[in-house]
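2 protein chains.
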Amino acid sequence: LPFCAFLGTLGLLCVAMVGSWCQHWRGGFSLDGSSRTFNWHPVLMVTGLVVLYGAAALVYRIPNTWNGPKLPWKVLHSSLALGAFVLTVLGLAAVFRFHNSQGTPNMYSLHSWMGLATVLLFSCQWAAGFGAFLLPWAPAWLRALYKPIHVFFGSTILMLSVASCASGINEKLFFSLKNGTMDYKLLPAEAVFANTMGLLILIFGVLVVAALAR
Amino acid sequence: LPFCAFLGTLGLLCVAMVGSWCQHWRGGFSLDGSSRTFNWHPVLMVTGLVVLYGAAALVYRIPNTWNGPKLPWKVLHSSLALGAFVLTVLGLAAVFRFHNSQGTPNMYSLHSWMGLATVLLFSCQWAAGFGAFLLPWAPAWLRALYKPIHVFFGSTILMLSVASCASGINEKLFFSLKNGTMDYKLLPAEAVFANTMGLLILIFGVLVVAALAR
Ligand code: HEM
Ligand code: HEM
Ligand code: HEM
Ligand code: HEM
Ligand SMILES: O=C1O[C@H]([C@@H](O)CO)C(O)=C1O
Chain A
15 LPFCAFLGTL GLLCVAMVGS WCQHWRGGFS LDGSSRTFNW HPVLMVTGLV
65 VLYGAAALVY RIPNTWNGPK LPWKVLHSSL ALGAFVLTVL GLAAVFRFHN
115 SQGTPNMYSL HSWMGLATVL LFSCQWAAGF GAFLLPWAPA WLRALYKPIH
165 VFFGSTILML SVASCASGIN EKLFFSLKNG TMDYKLLPAE AVFANTMGLL
215 ILIFGVLVVA ALAR
Chain B
15 LPFCAFLGTL GLLCVAMVGS WCQHWRGGFS LDGSSRTFNW HPVLMVTGLV
65 VLYGAAALVY RIPNTWNGPK LPWKVLHSSL ALGAFVLTVL GLAAVFRFHN
115 SQGTPNMYSL HSWMGLATVL LFSCQWAAGF GAFLLPWAPA WLRALYKPIH
165 VFFGSTILML SVASCASGIN EKLFFSLKNG TMDYKLLPAE AVFANTMGLL
215 ILIFGVLVVA ALAR
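In order, the protein sequences belong to chains A and B. The opening residue of the first sequence carries number 15 in the numbering used here; numbering runs sequentially from there. The opening residue of the second sequence carries number 15 in the numbering used here; numbering runs sequentially from there.
In short, the hints are calculated from the structure, not lab data. Just so we're clear, the structure is a prediction, and the values are computed from it rather than from any experiment. Yeah, the Cβ is synthetic: ideal placement off N, Cα and C, and Gly gets one too. Check the hints yourself; a few may be wrong.
Quick list of the computed label-pair ranges, beta carbon to beta carbon [unchecked claim]:
#1 A:Gly97 x B:Lys161: 33 to 41 Å
#2 A:Thr210 x B:Gln116: 23 to 31 Å
#3 B:Val165 x A:Leu149: 31 to 39 Å
#4 B:Gly22 x A:Ala131: 20 to 28 Å
#5 B:Leu201 x A:Asp197: 24 to 32 Å
#6 B:Leu149 x A:Lys192: 46 to 54 Å
#7 B:Lys161 x A:Asp46: 49 to 57 Å
#8 A:Pro83 x B:Pro202: 50 to 58 Å
Subject to a maximum C-alpha distance of 25 Å in a straight line, what follows is the list of computed BS3-like cross-link-like pairs (lysine-lysine) [claimed, not checked]:
#9 B:Lys199 x A:Lys199
#10 B:Lys192 x A:Lys199
#11 B:Lys192 x A:Lys192
#12 A:Lys161 x A:Lys88
#13 B:Lys84 x B:Lys192
#14 A:Lys192 x B:Lys88
#15 A:Lys84 x A:Lys161
#16 B:Lys161 x B:Lys88
So, partial list: chain A residues that the calculated Cβ filter (under 7 Å) puts toward chain B [to be verified]:
#17 Thr51
#18 Phe147
#19 Val220
Given the sequences, and given the hints that come with them, work out the whole structure.
Put into structure tokens, the structure is as follows:
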């Protein structure tokens, strides 16, 4: 439980850091198609596909869930996962809108290929989890067969998501910091802040996977 | 066993692809401090900290290792890990040499922070595995205590390594492909090739972690 509180704090810290990075250094948020629209992308991806996702994955690790009826916990688990999915889709919408309004092609970078693959796996996970565990008529053998697969992809998708965040933050810093005293190479305050944030996101992911592995 | 053969082929394919990327599109290899010196970096990191590392981690998953004396397998496991470590150090030496001879600062990017953290964890893993499992006088309780930690970090380090490769390939493509018809955004053949290579490296990592998890 102190571990739970620590993970929760770390998750919130990641969200707060990505929010204040975009607000303080990257010009804030808007829906006008400029780089201020792009800024929703990191915030929503980290909040949705890392932090809310991690919360959803850890629901069954709370000891309270081990006795009593299972359905309310299933509903909580899948609602958190659904919330994560909604933020993820909005986060992708933000970057596609930004690219379209700037005339930038979509889906060229390794970051975007890896990111989209992660989101597609996540959608399959949601649909399959829904079909196998939430629909009351799914047969027990199907649940038993699918469960280890579901748990394995639960961790795998989180690792891929965290890896996507790292490459995304890295490339955004190369794009944004490239003149004079603000060059990424010279490690200005923004770079130290965002690199640290990237490492904290990685640590959050590793700790959630560790909690799931036990 | 067919799975073993498949993983081996995939690993060799990753090594072959990173080698031919650097040879064919990035100008080949040399030790003169130019970007041809840099080219050793991706090749050695992928060969060492992904493919050889994966081979080392999977030694105890080969059924032959489950009966008979354990020492030869331990020696194989730690020699492969040592080989991976040597290639890793040479791979880092290549990029530091390139940066120094170009006057580029070291250790500014999130890629480099994440990469160095991975290599430091790998060194600890090697030293601790050596101390706890190979030295004959290590007490049994220490081995029992440390073993789950060793196995957990075995998978974690591989995930971090694969994530470092993804951000490294991504940034290298942004650096190298930035004019006219060769812009990364326009997805020239090199970009398709290297993005695909990045995804294959990720898949290799996920499959090794999956094999370790069972
Ligand atoms: C789970 C996390 C993430 C996923 C799944 C993801 C996915 C994507 C996808 C699919 C695109 C392509 C959009 C298009 O081409 O129109 C993209 C673009 C981009 N993302 Fe992310 N992203 C994630 C996190 C981040 C984070 C945390 C940042 C930090 C700034 C970031 C920075 C970027 C940038 C700069 C682009 C535009 C350049 C490019 O296409 O690579 N991403 N992302
Ligand atoms: C993409 C979204 C989802 C993710 C990332 C996810 C992730 C996970 C993870 C990591 C676990 C293992 C938890 C543990 O071992 O403590 C798990 C278990 C479980 N998930 Fe999901 N899940 C998702 C969607 C769903 C949905 C929509 C349902 C439908 C109800 C569902 C039902 C379950 C059930 C019932 C278990 C526990 C199996 C058991 O203990 O009997 N999951 N999920
Ligand atoms: C496990 C894999 C990897 C690790 C641990 C790693 C580690 C590092 C480190 C520590 C640096 C900083 C060197 C310095 O500042 O002098 C660096 C730089 C670099 N690496 Fe990697 N690397 C890995 C894989 C790759 C791959 C596959 C590529 C693909 C091209 C790559 C591309 C780069 C580039 C372009 C730089 C220079 C720019 C920068 O400092 O970010 N790396 N790497
Ligand atoms: C950094 C290098 C190393 C890595 C990445 C690594 C990784 C791993 C992994 C992933 C496992 C679990 C294998 C499985 O569950 O099938 C493992 C087990 C083991 N490792 Fe390492 N290892 C490293 C270094 C060492 C060293 C230097 C030794 C010294 C002999 C060692 C001794 C062992 C032993 C004895 C086991 C099996 C424990 C048992 O089954 O009793 N490892 N290692
Ligand atoms: O390794 C590097 O390559 C580029 C640059 O030298 C080529 O454009 C860069 O900024 C690095 O740190």
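query: Does the hinted range 50 to 58 Å hold for Pro83 of chain A and Pro202 of chain B at CB?
result: Roughly 57 Å apart at Cβ, these two residues keep to the hinted range, so it holds.
- prompt: Given the hinted pair Lys192 of chain A and Lys88 of chain B, is their alpha-carbon gap at most 25 Å?
  reply: 49 Å, violated
message: Verify the CB-CB distance for Val165 of chain B and Leu149 of chain A against the hinted window 31 to 39 Å.
response: Cβ of Val165 of chain B to Cβ of Leu149 of chain A: about 36 Å, so the range 31 to 39 Å holds.
query: Between Lys84 of chain B and Lys192 of chain B, does the CA-CA distance stay at or below 25 Å?
result: Status violated; Cα separation ~53 Å.
- prompt: Is it true that the CA of Lys192 of chain B sits at most 25 Å from the CA of Lys199 of chain A?
  reply: 18 Å, holds
- request: Indicate whether the distance between the beta carbons of Leu149 of chain B and Lys192 of chain A respects the range 46 to 54 Å.
  value: 50 Å, holds
task: Verify the proposed pairing of Lys161 of chain B with Lys88 of chain B, using a straight-line Cα cut of 25 Å.
output: 13 Å, holds
- prompt: Are the Cα positions of Lys84 of chain A and Lys161 of chain A separated by 25 Å at most?
  reply: 15 Å, holds
message: Looking only at beta-carbon atoms, does the pair Leu201 of chain B, Asp197 of chain A fall within the given range of 24 to 32 Å?
response: Given a distance of about 27 Å, which is inside 24 to 32 Å, the answer is holds.
- prompt: Should the interface hint for Phe147 of chain A be scored as holding, given a Cβ-Cβ cut-off of 7 Å against chain B?
  reply: The hint is violated - Phe147 of chain A has no Cβ within 7 Å of chain B, the shortest such distance being about 21 Å.
- request: Just tell me: holds or violated, for the beta carbon distance of Gly97 of chain A and Lys161 of chain B against 33 to 41 Å?
  value: For Lys161 of chain B against Gly97 of chain A, whose Cβ atoms are near 38 Å apart, the range 33 to 41 Å holds.
query: Going straight from one Cα to the other, do Lys192 of chain B and Lys192 of chain A come out at no more than 25 Å?
result: 14 Å, holds
In terms of the numbered hints stated before, the structure departs from hints 13, 14, 17, 18, listed from lowest to highest.
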